Every structure is written in structure tokens, then in C-alpha cells.
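Visitor: Mind docking chains B, C and D on chain A? Use the hints.
Protein chains in written order, with my numbering: chain A, 8 to 376; chain B, 8 to 376; chain C, 76 to 451; chain D, 76 to 451.
Be aware that a few hints might be false.
In silico DSBU-like links for lysine-lysine, alpha-carbon gap of 30 Å or less [to be verified]: (1) K289(A) / K78(C); (2) K122(A) / K350(B); (3) K289(B) / K433(D); (4) K9(B) / K279(C); (5) K279(A) / K279(B); (6) K218(C) / K122(B); (7) K319(A) / K122(B); (8) K369(D) / K356(B); (9) K281(B) / K327(B); (10) K369(D) / K396(D); (11) K433(D) / K319(B); (12) K372(A) / K302(C); (13) K356(A) / K369(C); (14) K302(C) / K276(C); (15) K279(C) / K146(B); (16) K369(C) / K147(B); (17) K322(B) / K281(B); (18) K279(B) / K433(D); (19) K369(C) / K327(A); (20) K433(C) / K295(A); (21) K302(D) / K262(D); (22) K259(D) / K276(D); (23) K295(A) / K437(C); (24) K78(D) / K99(C).
Some, not all, of what chain D presents toward chain C, calculated at C-beta under 7 Å [to be verified]: (25) S143; (26) N147; (27) D154; (28) P164; (29) L186; (30) L191; (31) N209; (32) A211.
Please keep in mind that the hints were generated in silico from the structure rather than gathered at the bench. The structure displayed is predicted, hence computed values, not measured ones. Every residue, glycine too, gets a C-beta built ideally from N, C-alpha and C.
So you can see what is in the structure, the chains are spelled out below.
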Amino acid sequence: MKTVVGIVNLQESNELLRELAATRAVEALPFAGRYRVVDFSLSNMINSGINTVGLMLPDYSRAILDHIRSGKDWDLARRRDGLTYLPAALPGTDARKGDLKDIYANLDFAELSDKRYVLFVNASYVYNIDFADVLAFHKKSGTDITMIYKTVDEDKEGHTISIQTDDACNVTDICESNGAPKGSKVVLSAYLMPVPTFAYIVRSTYERGGQDFLIDGIMRHAREQKISAYEHKGYVARINSTAAYYKANRDCLNPEVWGELFMNHDRPIFTKVKDEVPVQYKDTAEVKNSLVANGCIIRGRVENSILFRGVKVGKGAVVKDSILMQRCDVEEGARVENIICDKNVIITKNRWVKGVETFPYIITKNARI
Amino acid sequence: MKTVVGIVNLQESNELLRELAATRAVEALPFAGRYRVVDFSLSNMINSGINTVGLMLPDYSRAILDHIRSGKDWDLARRRDGLTYLPAALPGTDARKGDLKDIYANLDFAELSDKRYVLFVNASYVYNIDFADVLAFHKKSGTDITMIYKTVDEDKEGHTISIQTDDACNVTDICESNGAPKGSKVVLSAYLMPVPTFAYIVRSTYERGGQDFLIDGIMRHAREQKISAYEHKGYVARINSTAAYYKANRDCLNPEVWGELFMNHDRPIFTKVKDEVPVQYKDTAEVKNSLVANGCIIRGRVENSILFRGVKVGKGAVVKDSILMQRCDVEEGARVENIICDKNVIITKNRWVKGVETFPYIITKNARI
Amino acid sequence: MRKTEFLGIILAGGQGSRLKALTKTVAKPAVPFGGKYRIIDFPISNCTNSGITTVAICTQYKPLELTSYLGNGAPWDLDRAGGGLFILPPYAREKSADWYRGTADAVYQNLNFIDLVDPEYIIILSGDHIYTMNYAWMLDAHKANNADATIGVFEVPWEEAPRFGIMATDKATGRITEFQEKPKEPKSNLASMGIYIFTAKFLKKYLEEDGVNESSSHDFGNDLIPKMLNDGARMFSYAFDGYWKDVGTIESLWLANMDLLQDTPPFELNGDWKIYSSNPSMPPHYIGPEGSVKRAMISEGAKILGEVEHSVIFPGASVGKGAKVTNSVIFPGAKIEDGAVVNYAILAQDVTIKPGAKVEGKEGEISVIAEGEVVG
Amino acid sequence: MRKTEFLGIILAGGQGSRLKALTKTVAKPAVPFGGKYRIIDFPISNCTNSGITTVAICTQYKPLELTSYLGNGAPWDLDRAGGGLFILPPYAREKSADWYRGTADAVYQNLNFIDLVDPEYIIILSGDHIYTMNYAWMLDAHKANNADATIGVFEVPWEEAPRFGIMATDKATGRITEFQEKPKEPKSNLASMGIYIFTAKFLKKYLEEDGVNESSSHDFGNDLIPKMLNDGARMFSYAFDGYWKDVGTIESLWLANMDLLQDTPPFELNGDWKIYSSNPSMPPHYIGPEGSVKRAMISEGAKILGEVEHSVIFPGASVGKGAKVTNSVIFPGAKIEDGAVVNYAILAQDVTIKPGAKVEGKEGEISVIAEGEVVG
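If we strip away everything but chain A, and leave its shape as in the complex, we get:
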């Protein structure tokens, strides 16, 4: 995998994520009690042996820069190779929207990297994969481009790109739709191709007015370039709405998903290390079917929930079907159900808060309820 340069695209639209993504990129969203969504893309690259990674900074870059800093916790603070931040194209030079402008502005990163292939991934997907398998598949396929897809095992909502393939795993059609039925082959916005192919697609598309890498770049060139499709059989979640975010977090309460995503000894998911103390359960704790991150102190009841680092649950308090981010404090006797609390929320004594499963109640950062 030393022949591959990785580019991580942090340009997922955040409009469906409401308050959670108001001041941070989707990829910077806290996930599964300890991670940020972007950790998966970075860890997948490192675990696959890709050591040269470019990270395309989103508009709201502060949370990402704070999280990743030098890249040391991903072993990407290297003298050669390692992590390179790729700033967005200067505003004003071009009024176009879409990710292609920023890719075009940073094209030399891939071209000057001395690598043979580019792996270009959108970081709003949660999965654990060995990209070395994708490279082997690509080489064997003899095609120009390989894209990764997932056959969905239930109906999906929201903007989706899906593909049709022939028996040889070559892509015969790509289409954009709102939602996808069970069994569809949904694209994970991850592409492997030789650097010159990548540069050609980006350059020729952008210079002819294109805006979006997938829609204008890949779809428009689908006739001209041979595209093969690699199926990822494992768990995949795409974080593109609050419902998807809520569901993906709760999927991690399934021990199989938890094990597949996080406990693969050869492919750990790295994240910023915070040196929290192990969780302290007191005499009155009652916890079932939950993920609890280090630094929590639990005196109350917790069920079907995800507790991030440093959350406190007081005596007699109840937390059900909820996601509590860093340093939330559910005081004595309070009760929360179907809610997502952003960082540092305080639910004061005996207060009850309840949302619904399909549309969880979001409480914004630092709120005191």
C-alpha cells in the first residue's frame, strides 16, 4: 500500500444534521462514545498501510483541527509522508459550490506525491475495511477506476448514489436517487484509481464547469472510463442525517457491530487520546445494554444508551435510549429518553426530557435544562 496516496474528503453536506452540525463538519461529529466520524477513514488508511494522507479541510475546520492536531494519535505526525492538511480553495476565486473546486486546488498534492494510486474517500461513512483488498481487486480487475459499494440490507432514505454491475463486477450504470430499496448497491464514495486518471477526471471536469466529484466527475466519465465495483460486506453507516446518526450510534450496542468496528486486533480505530480514568460505577448503578466511555461516573440507571467521556449520571437518574456527549451531567432524579445531548449539557435535578425515536430531541452544547 506504499504506492497509494490517500485523500480524505470532508465535504459532506450537513444540512440534514440540524443543530449537531451547526458549528462543525459532519466528519467531526462525536461517535460511539469516544470517536469522531473522521477517525474511521483515517484509521482505515493507516491500518491498510497508507502513510501519505491529505485531509481536505472543511469550511468549519476548527473542530477537525482541534481533534487531529499533529496527527500523532494516528501515527501520522511523520517527517516524510504522514498527514498534510489541504486548505479549501480561496473564496472569491470561484463562486462554484461542491467539492471539486477544493480538489482541483489541491491536485498537486496527489500529483507530487510520487505514488501510483489515489484512494479518495468521503469521511462521513462509518466502516472498518482493509483497503489493501481493494487495491488487489483493482489490480486484478484491469479497470481504470474501482469504487466501493455496499449492498444495503434494508431500505435507505435520503440522497443516494447507487450502481448496477455486471457479472464481472464492472459498473454498468450509476444513478442518483432519493432513497434506495433493500438490495441496492449503494456507493460509499470511496474510489481507487491511478493518479493520472484522478488528475485527468478532476481537471477535465472542473475546467468544464463541473462542481461535484462524484456526480460531475465520475458519472460523466462513466462511459469513457472502465469502472469496477468492490463490495464491502461488513457493517456500513452513512452519517447524513440526525436519524442516521442516532441509528448508527445505537447500532454499536449490537455486540457484533461493536466487535466488527472496534475490536479487530489488526485494524483498531484510532482517535485522540484523552487519558480518562476507567468508569466508576457506584453502589446504586444499574446499567444495561449500553456503551460507557472512560471518565464517566454512574450512580443511576442507564439503558440502551451511549455515554461519552466524563458523563455523570446521578443517583436515581434514568438515561434511556439516549446519546450523551462529553461531560454531560444528568443530576439526581432526572430522566432523559430518546435524546441526544451535545457536549457539556446539564440536566438538572428531577427534570424529565423525552424525544421520540425517529426524531430524537437534540439539546445543544452547554445547555442547562
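Guide: Below, chains B, C and D alone, put in the same frame as chain A:
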């Protein structure tokens, strides 16, 4: 110095620097054969024992990000403390110009740092200082703010802020002018003050429409806050025009300046390490009064010049009073005088190029003459 | 290498033979503690938090796992240019080749390293103790006293004083007047914690003398400190009144872990003074639908499908359905399978307790299962 | 620690006694070379450039300066999480404590380290040689041959073959048929470079046998390789045809430095295959108004006010006004003061040549001034 958080401001106006700063911040300009201007501010902080440093990203952040990357070469790739990139305020939220907007947007970096003091420096100055002396002076002075100045030993041109002080080194007047006569006390745009004072000045000024930290923030509050002035007696250069840039580089040909800036054993200037080979001088080399960086291969004549890494000077070629940046190639028999070549310039065989000392001829990146 | 003002030296060679099965493959400082730490994390984190940026660790017994654990020092922010973490094993020399002869010898044998770092003050620490302490404050006291040596002490009950090295001091100034090693008639109840700050020059002089003294046992407590006192050196005590524990036996190790489970633990790990440790890259632990946890400390990557009470569970350990873990300490990666019972026990790394098997000790007789063993 | 496929082990214990004054305070691998490097930079950089991310360095003689030079491995990008640079001195053990008994013993004594890393292939290198080589290609050959061992060889003139360890090979396949140590009647002119790739399991088996064999000298060339060949192991040669130099004597060290000054050096340091070294943080060197430099290699921080010809000048060295340095190698920080003359000499670190003093050797009798000495 563990009580001080450093903030490096990369907002120097680049309008006087012509082509050199067209696509990079002033602070990213190559300097003295091996460095970038920003290296001085960062190294001064590290050498003074300041381990928590925020770097305010300029509009053209690519060159800075490429240079500093993880901060490892400055020993700032740390798990705690270390380097934090502070992105500019989002465009669109505010149409104001000036640095204050970005300082305001990143104010929490200083406020959440647990440090007692802020050292806020403008990185377009070249000097080697121990900020621990400034802190000691500040504590002894009993004032609210300490600013650093230099008594200039010759007339200065360009936009200048100078101060008047009383016998107790307290500032009695601050004024803005175009140029400053010999003996003026010129401000180095470096300030030390308690974090709350800094936050108060930034917040109260910005929220009342201020744009510039020095002019609107410090000058407007000069009556209300007690300001003391610390004199830096060593060499100082401010890089705010092409002439100043050219002169400062050539100042390094004075062995005393060279020694003071770079060979202080306790305060080395760190920069990105490139692992170039020592300079190779061939039989026909003739070199006088010049700085030659590793990776150069010299077969011709070099006088009063600064050669960056990997420059080649061919047989019979002459380089006089010039600055040649990385990987320039002066081919056989060519002759250059009073010029500044940006990176990768090729002066082809027998070609002659000549500028004048007060207005050096600038040859832009990758040009082939 | 850059000059540093304040050098930390941690003596981490202890075999910890009273920890029996737990130190079969690792040195005592590498023994796990507190749900995610190793004992040595405490003195190293204390150094980092006290602003000490160059730390040397003298290893000896079973150094490999310790060396591998310490890596390049990054978890403690000691992967520094021109400083950081240095491991000093008793390397074989041209002529002689021995284990360190005593605590002082470990430092003496590395005098050339000290010369390279050229510190003004040196703090000597033990890699065996659990406590948090700001050494920078102790250095301030050392400087204020213009001392040659400053020794960390804590008060013990008078009746226990005969078990310790006791410092008799001048009440007003804290200056040490006499040192008694395990005295029958203690003149004070201030016991030495084995924490010494020395002015570097002063220490070097004594080490050089002691190193060639054939009759010396080369120990700080036995030889150097009494000699210094005899010579009238300026030696001061520095009183510490926090939690301090030598976890040198199975019982004391078990007890110190259980201390953490009190409703208000005598020793707060959760404060600003963080203890850093090498991170296993594991997710938050998972408690299953039928799991139950009470009065417990549980770390990342653990999977609790059964019942856990009054126990400390390290990263990646698992407790199967219907299994019951009480009053126990479960080291990283240990597996307690369905229906197994563990009570008053310490299970070392990667132990497996087969379904339905039982490991039962009792208070004062903790059961210990050694690394990698399979029970049942 | 993370598993790695390909582990590098560099034997860096060499005393280099034929380098006399230059190895008084440092081991041979730490001797400066080529204007800014240390000899050991070459094998380490080769490892880094070949994609080897875990490198163990077995030290022995004068390990301190070498250890301090290597630091946390950052200059070679070996400060990695779960891998990187490991220094393995011959540490004293519970019972025995010896210097490594031979090249193979240095590896044998660290078998537990190898188990921890658990590589599939191991490359054994010497820390004493100057060359650039892609070990990844050599590993490819090893795999393609399905070999137990692959040995790097280079062609020497037939008349010199009796001075080397010679590999007789099958021309078609490169399989080694016989090994002759300094043979009077060489069967081939392929000399061993002391570079071995072994399949890890295979090597372990032989090391374990050899380690307890009382009659063995525990040397790869003398003992292990012949034994493996006898046993019919699949051993292949891998031919190298670049520049390779053992700089084991003052003359050869001087000559290898002078090789770099040729108009087209036999050994190109300036290519894509970078040699990394610990960086001194110094500015570009300065040539004064009356300075003159011809056919020279000069590094950062040097200050040349006099005349330099046919010489190699390391970082921070200085040549005063009117001073003349010819045919010499000047190590870091050496000062040649005004009017001094240095010809056919090697000046070690921080040597001072007083104004007007002379150090003059001649070809074949290079003058050597040891570290820190003052002449004149």
C-alpha cells in the same frame, strides 16, 4: 514560561512584497538560505520554554501548513499543549478587514489554555530573543501590558508604529507614521499580558467595531491600561517590503548578525528539516561573502549572495548580490546580479540578468529565463 | 542532547518477588493497576505534570515488556527532540558486567549519562509506588532551603515507625538531624518515601566516592544518606500528606485497587493531575442486556454480559453471561466465560476461566492466576 | 507492540579499534562521515527508505553517545507508535551478564524481543558500512526464491577474494553451494557483505541451537551460515553492484570521504535515496570575503574565512582568516584558527588548532587529532 500561552499572528499585509508574496503569506517567505520567516517566532517561543502555541492561519495557508505540518521539527507535535492551528473566522460572518476578527474568533484558545499570560506576536519580524526576560520584566514592571520595541539605528521606511516612554520604561504615547527616523522606538508587534486583559481588549474592541489589534485594540486602550515597554537590543528586521526582505537577507552575510541570529547555542532557530547533502564545491568554484545552504552544487562564482537548498551554479556562471531560492539553476556562463529568484527558476546558458540594489529584480517561481 | 535543569531518574529494576505470579514475566513497575494503568505510570506522569521533560528509567529485572510498554515515551509526552525518555539498563561494559549493586549504584553506573544531560538538580524516584505529587513544588522548597538534598517524607503512626526509614528533623526548619533505618526507638514518625532531590554536583561527588567504596552496599538509604548527614550536608525533609502506597504484596496491591472503589476514594484519579498511560485503542466498554455492574471500575474494550461487583476490570477483559465477578481485579484481556465465578482474586493478563469454573479466594488470601493460564 | 512483517536488526557494537583516536569515546557506527552523517545513518536510512518501520540496534561498545544520537528515532521517521527504533544493549541478566559473544549472539540474546515483534522476515545488517541499498528488493528476491536465507554479495577482484568470505553459487539460480571464509583457493569472487535476510522461524531455530552450543563462536559467518548450508537449507545470493565500503581504518575512512569530492563521485549522496541524520539546527554555512573553497564538501553552520581545498567540513566547524585546510576531514565543531595549516588530517569533534599551528600528515599517513584536543 509554563504560565504563558503563545499566539503567532500571520496577518502581515503583503501588499508591498509584490510577486514574492502573491501566493503565500509574508511569514512563509523563505529566508537566509534555509528558513521561513515564521521560524523565528516559533523558535523564540520554544527556546523561551513556551510549549503551548496557537498559529493563526492566514488566507493563503497552504505554504504555512506545508512548512509546519505536524510541528514536529519545532518539537511542537505534542499530545498536550504543543501546536494548535487557529483557522481564520469564517468569511461571510463579518465583512470587516484586519486581524481582530480572527483573534476574536479564536479567543477561547487563550481563555481555555489554563495559562496566566498571553504572548501575542506578529511573525513577520526576524530576531532571536529570550521571552523569559520579557516575562521577568513584565512582572517587575507591575503594568497591565508589556510591548517589545527596538530603538532603530537608521531611518526606517514604510508603515511604522512607534512609542514614547518615560524613565520607568512606561509607554507615554503610541503613534502610527509612515517611516521613522533613526533613534525612534519602533514597536515589534509583540505583547505580553495576562489572559483576562487580552480577552478584555480583544472583546471590547471588536464588539465596538474595531478591526486591528494594535491600532484599535492597544492604541485605543492606552489611556486605560498601563503599558510598559521592553527594549530588544539585538538585531531586528521587519519583512514588510521587497527592499526590506532583500536587505534582511543580506544582513545575514554579516558574521555578527549570522552568529547572533543562528549560532546561539541556547536558542537555535528550528525549521523544517530537509536532509540535504552538504554543499559540493567543485574545482572551478569561487565563492566570497555568501551563505550557501546544503544541497547546492557550485562550479561557478558566487559573491555577496544567499543560495537556498539545492541551487546549482554552473561552470563560468556568476551570481552577485542575489538571492536564489530552492532549486534554482544558474547554468554555465549565465550571470545574475541584484536579483531575487523564487523557487525552481532556471537561468539558461550564458543568459545575463541584472536588477538594482534598491529595487531587486524578482523572478517568479518556476520561470525559465 | 539539550541541557535540562531538572532531571528525573526512576529506579524501575524492582523484581517485586512478593507479587509472586504477577511478576513472573514482568518487573514490578510494569504490573497493572487501577483499571488501566501500570504502576510506573504514576511516577512518570508525576514527572510530566511537574514539568520534567527528561526522564531516565533504570531497568533491570525483566526489562523487555517494560521497555516495550514505554516505547518512545509518547503517552507521557516524553518523545521530545533532545530530551524525553531514556531507558538505562545495566549494560555490560568492557570489563565488568553486573546488575546494579544497589539503588545508588544504578545512578552511579549512569554518571556519564547525567554528564550528557548536565542538570542542576536530580530527583530520584522509585518505580514502585502509587501516589500523585508535584515535584516542582518540592524543587521550589529545595531551592528556598538552599539545600544539598531534600527527602520526601510522610507521617506514619508512631507504632509503625519502626518498619520505616525515619527522619528526625528540626521542627522549625524541616532540616534533617538524624536518619534511623527501621529504628526500635524512633525519634520521629516521619518516614522516607524514597523520593530524593539532590543538587547535581553534590550528588555526583557522593556517588563517585560511594561507587569505589568496597564496603558500601551502594544504597541511598543505607549508605549515602547517612554519610551525607554525617558530613553535615544541608538536608531537608519535604512533607507529603496525600495518598501514598507501596503495592509490594498481593494483599496491598489488591487493597489499593479496592481503595479506588470506595464511594469517595482516598485517592482521586479523576482530577486535573492526570495519570497518563499507553493507550490500547479500544472502544468504550459494553454492558449487555443482562449485565449488572455495581461498585466497580471498568475500562475500555471490556465486555460485561454477566455480573460485576466490587471489582476492577482492565481493558479488553470479558465477563460472560451468567458469570459473576466479585471483590476481584481482572487484568487486560482476561476472559471469564459464561457462568464462571471469580471472587477475591487477581487474574493476570489473558487468563481464561472456562465456563462454570470457579476461582475463589477470601479476604487476606487473594487467589492469583498467572498470565495466560487457563482454569477449568 | 504491533506485528511487523520485516524486522531490521543492525549490529552496532563494533569497537572499530583500527580507527584509533576516533573511537576513543564513541563506537564505530557513531563516527562522523561525509560532511554531516554518522556511519550508522546509512543502514538506518536504507531501512527507512526500504519501508522497514521497526529497527532494532544492538549496541555494545561505548553505547551512550550512540544512544543519545539516535534519540527517539525521529530523524529517520522511526518514532512510531507500536514500532520504530529499539536500542538493545547487552543488558545484565539475572544470572549471566556478558558482552555479546559474537554477531549471532547479539541476536540470540534478544530472541524475546523478536518474539514480541513477531516478524516473518528478519534482515541482519552491520552498522559499519557505507552504501545505499533497497532491502525491499532483496526481500522480494528472498520471497521469489522461497528462500530460508538470502545473503547480499558483491563481486571483488579475484586476487582479493582470499581476504573475504566467499560464496560459491549456482550461476543459473544464485543458490549458494558453498561458503569459504578467507579461502586460499576461492571458488568464486562473490564476497559476503554481511547482509542477511532470514525467514524468521528458520533463523530462530538455528539461533536456539547455536546459543547453547559451547563450541560455537556464535558468529553468523563462522558458525551459522556454514551450518545452515551443511543442513541443505535454501540459501541464495543477492548481488549488489553499487558502492560499498567498510571504513574500518583511518586510511579507508579518509579515502571514502575523499571519494565524495571527485567531480563525479563513485557514490551519489544527492539522489532520491536520501540519507537521514540527526539535524544540528544550524544556518547555511558562511564563506567570508577572503574565503576560498574548491573541491570541497561543506555543511551547515561552518564558517570559512580562510582557504579550503579537497576537504570535507562538518557542521559548525570553522576555518580562520589565512588558515589553510587541504586534503582533510574536519569533524563537527572543530576550530582551525587564523593562519593555521591542516593537511592530510582528520580532526575529531571540537578539536582546536591554535593560530599558526600546523597539522600535517601525508598520503598513506593521515594525521589524526582526537576529540577535544588542542594543538599549538
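Visitor: Next step is simple, just say for each hint if it's right about the structure.
Guide: Evaluated hints:
1. K289(A) / K78(C): 47 Å, violated
2. K122(A) / K350(B): 23 Å, holds
3. K289(B) / K433(D): The given pair, whose Cα atoms are some 25 Å apart, holds under the 30 Å limit.
4. K9(B) / K279(C): Distance of about 29 Å is within 30 Å: holds.
5. K279(A) / K279(B): This hinted pair holds, its Cα atoms lying about 25 Å apart.
6. K218(C) / K122(B): 24 Å, holds
7. K319(A) / K122(B): Distance ~27 Å between K319(A) and K122(B) Cα, so the pair holds.
8. K369(D) / K356(B): 22 Å, holds
9. K281(B) / K327(B): Holds, because 26 Å separates the two Cα atoms, which is no more than 30 Å.
10. K369(D) / K396(D): At roughly 16 Å apart (the allowed maximum being 30 Å), K396(D) and K369(D) satisfy the hint.
11. K433(D) / K319(B): 34 Å, violated
12. K372(A) / K302(C): Violated, because 61 Å separates the two Cα atoms, which is more than 30 Å.
13. K356(A) / K369(C): At roughly 22 Å apart (the allowed maximum being 30 Å), K369(C) and K356(A) satisfy the hint.
14. K302(C) / K276(C): Answer holds: K302(C) to K276(C) is near 16 Å, not above 30 Å.
15. K279(C) / K146(B): Violated, at roughly 36 Å.
16. K369(C) / K147(B): Between K369(C) and K147(B) the Cα gap is close to 55 Å, so the pair fails against 30 Å, i.e. violated.
17. K322(B) / K281(B): 26 Å, holds
18. K279(B) / K433(D): Outside the cut-off at roughly 39 Å; violated.
19. K369(C) / K327(A): Between K369(C) and K327(A) the Cα gap is close to 18 Å, so the pair holds against 30 Å.
20. K433(C) / K295(A): 25 Å, holds
21. K302(D) / K262(D): Given that 30 Å is the threshold and the Cα spacing comes to 19 Å, the pair holds.
22. K259(D) / K276(D): 34 Å, violated
23. K295(A) / K437(C): 29 Å, holds
24. K78(D) / K99(C): 23 Å, holds
25. S143: Result: holds, 5 Å to nearest chain C Cβ.
26. N147: Holds - the Cβ of N147(D) comes within 7 Å of chain C, reaching about 4 Å at its closest.
27. D154: Hint holds; D154(D) Cβ to chain C Cβ min 5 Å, cut 7 Å.
28. P164: Check passed: Cβ of P164(D) comes within 4 Å of chain C, closer than 7 Å.
29. L186: Violated. Min distance 10 Å.
30. L191: 6 Å, holds
31. N209: Given a least distance of 26 Å, the restraint on N209(D) is violated.
32. A211: 24 Å, violated
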